[in-house]
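Residue numbers (this note's numbering), protein chains in the order written: chain A, 13 to 380; chain B, 13 to 380.
Everything labelled a hint here was simulated from the structure, so no lab data went into it.
Don't take each hint at face value.
Put simply, identical chains are the same to the list, so a pair is met inside one copy or across any two.
[What the hints assert, rightly or not] Quick list of in silico lysine to any residue cross-link-like pairs, SDA-like style, CA-CA up to 25 Å: (1) K14 <-> A333; (2) K321 <-> R43; (3) K14 <-> G226; (4) K14 <-> A332; (5) K14 <-> R328; (6) K18 <-> A333; (7) K321 <-> A136; (8) K151 <-> G365; (9) K321 <-> E311; (10) K18 <-> G29; (11) K14 <-> A367; (12) K376 <-> L25; (13) K57 <-> Y370; (14) K14 <-> Y370.
Please read all numbers here as calculations on a predicted model, not as lab measurements.
Protein chains: 2
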Amino acid sequence: MKVQGKHWRTIWLHDDGASVGILDQTQLPHRFETATLTNLADAAKAIQTMQVRGAPLIGATAAYGVALAMGAGASDAALEEAHRVLLATRPTAINLRWALDDMAAHLRAVPEAERAATAYARAAAIANADVAQNEAIAKHGLGLFEAAQRGGAAPLNVLTHCNAGWLATVDWGTALAPIYLAHESGLPIHVWVDETRPRNQGASLTAWELGQHGVPHTVIVDNAGGHLMQSGEVNLCIVGSDRTTANGDVCNKIGTYLKALAATDNGVPFYVAVPGTSIDWTMGDGVGRIPIEERDGAEVASMTGLDEKGALATIRLTPAASPVRNLAFDVTPARLVTGLITERGVAKASRQGLAALYPEHYPKEPAG
Amino acid sequence: MKVQGKHWRTIWLHDDGASVGILDQTQLPHRFETATLTNLADAAKAIQTMQVRGAPLIGATAAYGVALAMGAGASDAALEEAHRVLLATRPTAINLRWALDDMAAHLRAVPEAERAATAYARAAAIANADVAQNEAIAKHGLGLFEAAQRGGAAPLNVLTHCNAGWLATVDWGTALAPIYLAHESGLPIHVWVDETRPRNQGASLTAWELGQHGVPHTVIVDNAGGHLMQSGEVNLCIVGSDRTTANGDVCNKIGTYLKALAATDNGVPFYVAVPGTSIDWTMGDGVGRIPIEERDGAEVASMTGLDEKGALATIRLTPAASPVRNLAFDVTPARLVTGLITERGVAKASRQGLAALYPEHYPKEPAG
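With the hints as constraints, model all of the structure from the sequences given.
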């Protein structure tokens, strides 16, 4: 999407045909900086330190990480090592394993001498497929938005949590894709942006990308969404998902479950944008079963932003003696989800709903 | 309660018998500082800038504010002016009006020459009544905690939101009063402390006062409570209230409603500590009717803490171009509240429940 009027993707191959460009998202929203990945360690570090984040972009970065590794040496051992190192960077994102398994399967089938070129081509294909998938989600979501808007003049008020925007993908985003398409198609829209503690991806990334693209929005604290729904100021919620189970349970950024509860309590539709690649077909019920990443407590105890002199600064919020705990995700049960917006259409958040769109992943019912 | 091993109240009369001492809560948890109020303007500023906060402490400070005003001149006009100036400092807290009306009623009844002395005596009585009220809440809450604990060795895990501790009152606190009493009586207890954006009263005040008093606790982001309840790591929730209606709807810090939804969804008891003085007997249903204070957007867009050099610093979190909205309270409907812990006992959160404890505020049922 647009930054200062120019179109960008979040990851791209440099003109040298070898090194990979990324936006350094740890500097946003205060600084717009790019970084260059030249080897496997760079790619692993970019994922681990969240210079890149968001399940689809993590997948694309991992794919390019394998390509960078193959450029340095394409033995079976090197391929296994790249798979191992990159898989260990983030435990929750299902796309990470999906992309790495996909790369490994393609590369094992070709001779060592062809692996680097094949890897770059496959990584580019994964990145392009993500863009196409998100455009499809945008179109299916737009239909829901138009129905909710009913042709009125008042803006459609949409609440979102965390960042499932183009910064979380290669382009368009997942949850924000229908928002961008709605805005471009002239549907009046306004977005409530949850700041999304502890890492503030809403306040820093979602607000920044919506602002750069010209979409009206307002940043709120994570605590505010319930009251806004109760007072009729939210027409629908849309969030992304790091992992959705085969039964439609949604693992997403911590706090998503609370917003889904409030939406249900107030009759506000709660949609989740779910690319097929983020669905874990091996897991049925997700509550209590999806492992939840725990991150460094410093993310809770402190916060980074722009100080009065315009420099990035980190401040401590809690008493030095107080313990903290930092759970990164939660699971929203399917019963609280109005629909899953996939690249194949909108599914009911249930085994039956997903099986209708992805029959190849579900066992056939025994004949009557 | 204790700070560095010594007992403190949040507000006290200095030895000069005129000026009033307070803890400057805007400096916590990083600096433990006191401030002195010498006139009406000091008292109004202390409330408005949240050097003192919490409904009961606001009431006590307003009472001392009237006393300070009477010390400077005790005419009817001065009394009216003090009432007007102090009432305008915070729109939501019911105790503010209660304390001011109580002071005015007492002072109008005595000659001008006696008003200053009467005002100081009445302010001290209001402060002492708050302490007694909170001790009663502590005892009634302890019974519920002991029942939930069932004599086990594992700590009772209690989640709280914002700061309804001794810093919000004159001493003991409301929601934290039973926690302190449980801890002192040897019941093993651990408190999950919501950081409570945007002003972070949980991370800065609740964590600090629990830590100073030696109560085990862990700070979490506001987004985390739903997951903790879903995974069985919360045995009960207890929060304070700025205003509870005659039907049992609870207006409290923004985000309380979301935690009550999660508690209900997971069968976790959700209690509210409610001194009788914070009940608005004139209002039945509160949802959509209690006016919600909107505060300066800078509280959302930025945050204050301790920088790497140990100085208080404010950092900007959001893009400069992004609008923000700062709603300070929300309303939790009575149906989500397990019980209201008052100084007279535990009431069901309903008109009937409150009427049984406070019959003097409800019209008598017509006979047979």
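Taking 25 Å as the upper bound on the Cα-Cα distance, should K321 and R43 be classified as within, between, both, or neither?
both (14 Å within a copy, 23 Å between copies)
Within, between, both or neither: K14, Y370 at alpha-carbon 25 Å
neither (33 Å within a copy, 61 Å between copies)
When no copy is named, should K321 and E311 be tagged within, between, both, or neither for a Cα gap of at most 25 Å?
Both: 23 Å inside a chain and 19 Å across chains, each within 25 Å.
Alpha-carbon proximity context of K151 and G365, limit 25 Å
For K151 and G365, only the intra-copy Cα distance (19 Å) is at most 25 Å; the inter-copy one is 52 Å.
Can you give me the call for K14 and R328, within, between, both or neither, at a CA distance of at most 25 Å?
For K14 and R328, only the inter-copy Cα distance (23 Å) is at most 25 Å; the intra-copy one is 34 Å.
K14 and A367: within-copy, between-copy, both or neither at 25 Å Cα
neither (36 Å within a copy, 60 Å between copies)
Could you figure out if K14 and A332 sit no more than 25 Å apart (CA to CA) within one copy, between two copies, both or neither?
Between copies only: 17 Å across chains, 41 Å inside a chain, cut-off 25 Å.
Check K14 against A333 for me: Cα-Cα at most 25 Å, and say if that holds within a copy, between copies, both or neither.
Intra 44 Å, inter 16 Å, cutoff 25 Å: inter-copy only.
K321 and A136: within-copy, between-copy, both or neither at 25 Å Cα
neither (41 Å within a copy, 46 Å between copies)
Given a CA cutoff of 25 Å, do K18 and G29 count as a within-copy pair, a between-copy pair, both, or neither?
within (22 Å within a copy, 68 Å between copies)
Up to 25 Å CA-CA - A333 versus K18, copy category:
between (47 Å within a copy, 18 Å between copies)
Tell me, please, which holds for K14 and G226 at an alpha-carbon limit of 25 Å: within, between, both or neither?
within (9 Å within a copy, 52 Å between copies)
Hints 7, 11, 12, 13, 14 from the list above are not met by this structure, while the remaining hints are.
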